[in-house]
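**Q** Quick note, the sequences are listed as chains R and D, same order. The working numbering applies: residue 4 is where the first sequence begins, and numbers increase by one. The working numbering applies: residue 4 is where the second sequence begins, and numbers increase by one.
Don't read these hints as lab results, they were simulated from the structure. Note that the Cβ used here is the ideal one computed from N, Cα and C, for glycine as well. Some hints here could point you the wrong way.
[Said to hold, decoys possible] Far from chain D, some chain R residues (derived; all Cβ distances over 12 Å): (1) 45; (2) 244; (3) 290; (4) 291; (5) 309.
[Stated by the list, open to error] Below are the EDC-like pairs computed for lysine to aspartate or glutamate, each with C-alpha atoms no more than 16 Å apart in a straight line: (6) D:131 <-> R:34; (7) R:292 <-> D:86; (8) R:292 <-> D:205; (9) D:383 <-> D:68; (10) D:270 <-> D:205.
Okay, here's what each chain looks like letter by letter:
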Amino acid sequence: VTRRPSEVGQRLALPVAWGLVVAIFGLLEPDTFLTAANFQTIFGTQAVLVVLTLGLLIPLTAGDYDLSVASILTLSAMIVALLNVDHGWPIGWTIAVAVAAGAAVGAVNGAIVVLLDLDPLIITLGSATFLAGIVLWISDSRTIGGISDDLVNPVVLEEFLGISLEFYYGLALCIALWYVLEYTPLGRRLLFVGRGRQVARLSGLRVGRIRFGALVASGTISALAGVLYAGTVGGADPSSGASFLLPAFAAAFLGATSIVPGRFNPWGSLIAVYFLVTGITGLQLLGVKSFVQQLFYGGALVLAVALSRLVRGRHGME
Amino acid sequence: VSRALAPFRRPAVAVLFVAVGAACGGSDSKRDAERAEPADLMAVRERIARFERIPAFVPPGPPFDAAAKARGKTVFEIPITSEVPFITAVEEGMRQAAKAVGAKLVVYPNQGEPSQWVQGMRAAIAQKADAITLFAQNPALLGPQIRQAEEAGIPVVVVRTSGEREPCQSDRGGETYGTTCVPGPFEEAGRLEADWVIAESEGTASVLVITSSDARSTVPLLRGMRSEFASRCPSCRVRYVDVPIPEWAARVRTEVQSALVRDPGIKYVIPIYDSMSQYVVPAIRASKRAGRVEIATFNGTPFVLKMVQDDDIVQMDVGENLSWVGWATMDQAFRLIAGEPPVRTENTPLRVFTDANVAEAGRPPRLDRGYGSAYVAGYKRLWGVEP
């Protein structure tokens, strides 16, 4: 298939916008922005958001919203902190329990959505609130700090090329997800289900099972993001994880306008996360008022959804 | 060395929170009327009168040559959030102080998310700041980054997460978060809230106290308040209800109204932080108790000072000069940069605002009015900027 020039433009719009942002802030503050240390900061501190966004992509590709991802992240970080700090469990076991809990929440979400044929938007909104309550309950509303270095070291303190290892975990997950979505039958089926549920069903795909699996996957990956979060801050608190929900959706939708326009895709999302954080970091280094950051973030989200709608045009995502 | 011990580190915070949470879960510290002792009215009245005056500057430590040692140095400030006027006012004071000695202040604006503080710490280390100040956020969520900063030779000042009489916040292994801290006058604020109620009621108060155990400052504040009620007014009846900060809008009003129904004898409500007043005042009005139930509170937030000026429900608000707090924070940072030993406390003062003096806070009240400006000359003299 030959590509029209406009399509190439669409594919590269986001990376070009990213380059523009870098250039603008580079001109405004060459001494602080255009330094290796600044880019190490930009790349090294957003792995949690990258992993969460990648988890979210899976149900989005299958045509389902999962609003519980940020709550699963909080639950998982709190499980790690509680078991490790309060009960002295070794890190490995706490991670296993946290990830199992994430998968279990995903399974409950999926079972309710598929078996009862309910709207996942409402079901995951409900389970998100339910989980927030559970987190407050098990943590006694406390902030728990002092997580073992066995987790903190391999997440933030150890670096490769000056960038915390967590960045590479996000990158590895991105490559894995890209491979699964692009080159395996499973990835293709996921996409079919997202593009047209009835057609997929008539073609013999087990639509329910695939949607269920997508929600289990997003639960599991969100829990991994929670583990990274606990390692990044060396602790957990009952509320701040919720603040990742909007940025994750923003990155997923913004990513869907690029690389493979019109489709949620891992590389687009990865670039979107770093595009957004580059803009925010630049604004923070300039010391602009806090509200400007929200203008940037909120504006980018609206723009992303509008653009992805325009780009979708002929091939609807559902 | 400390890394080997790391798995055994536990935050003391958590323990403190549990202690407070358990102690204020709707407990009733009603005392037996029989063994009630008379309240120490003389003492509480004297204290209220003293704190109603414009505060004087008490040097926090010995003078040092900040003018020479801190000139051209960079202090990197990461606040808990940039979205409240309180923080902006403190940072304005920090900026003035930096200007006074020719130092540079870099503020890292954020929306109160730990992941942003992490990024701010990384930025401070990358820019090779000479000192980092963490304003009011829980340092337990920045453990790894504080360690990275200290390994890079950057001192970290943890501001206002401890009370004036307690040690700097530390983890469970007893290791202090950051190089040093600047405590806030929280115990004193709690004592003054109690004092005013004791004085007004002449030692017969029946009080509802609304706490928020999720704020670090609540622990020392309640310690001060409890000890004051216990020692100065054993016959006062005090009931504590805990409402976490995110639930203020949803729960404070109903908690107050149901408490007033359950115990019509309640004459005073102490929302320990004054921003809760916006929910307490409507509750008192809705219960038809305006004029009979009064509020004493803490923070000196302008809209609450305006309530003191305008109506008869909020009667007393303990305020703090936030610009002074900013200068005090910089004093501690400059001391570390200059290689001086840090001071134990900065002596930032409180002022009691009542109908008698609230006009001095301005009309409408402003964050920086009503405290005098003794600190500007005081710190400048301390730093060798002015003779």
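**Q** Taking the hints in turn, state whether each one holds.
**A** How the hints compare with the structure:
no.	hint	result
1	45	violated, 8 Å
2	244	violated, 9 Å
3	290	violated, 6 Å
4	291	violated, 7 Å
5	309	holds, 24 Å
6	D:131 <-> R:34	holds, 12 Å
7	R:292 <-> D:86	holds, 9 Å
8	R:292 <-> D:205	violated, 48 Å
9	D:383 <-> D:68	holds, 10 Å
10	D:270 <-> D:205	holds, 12 Å
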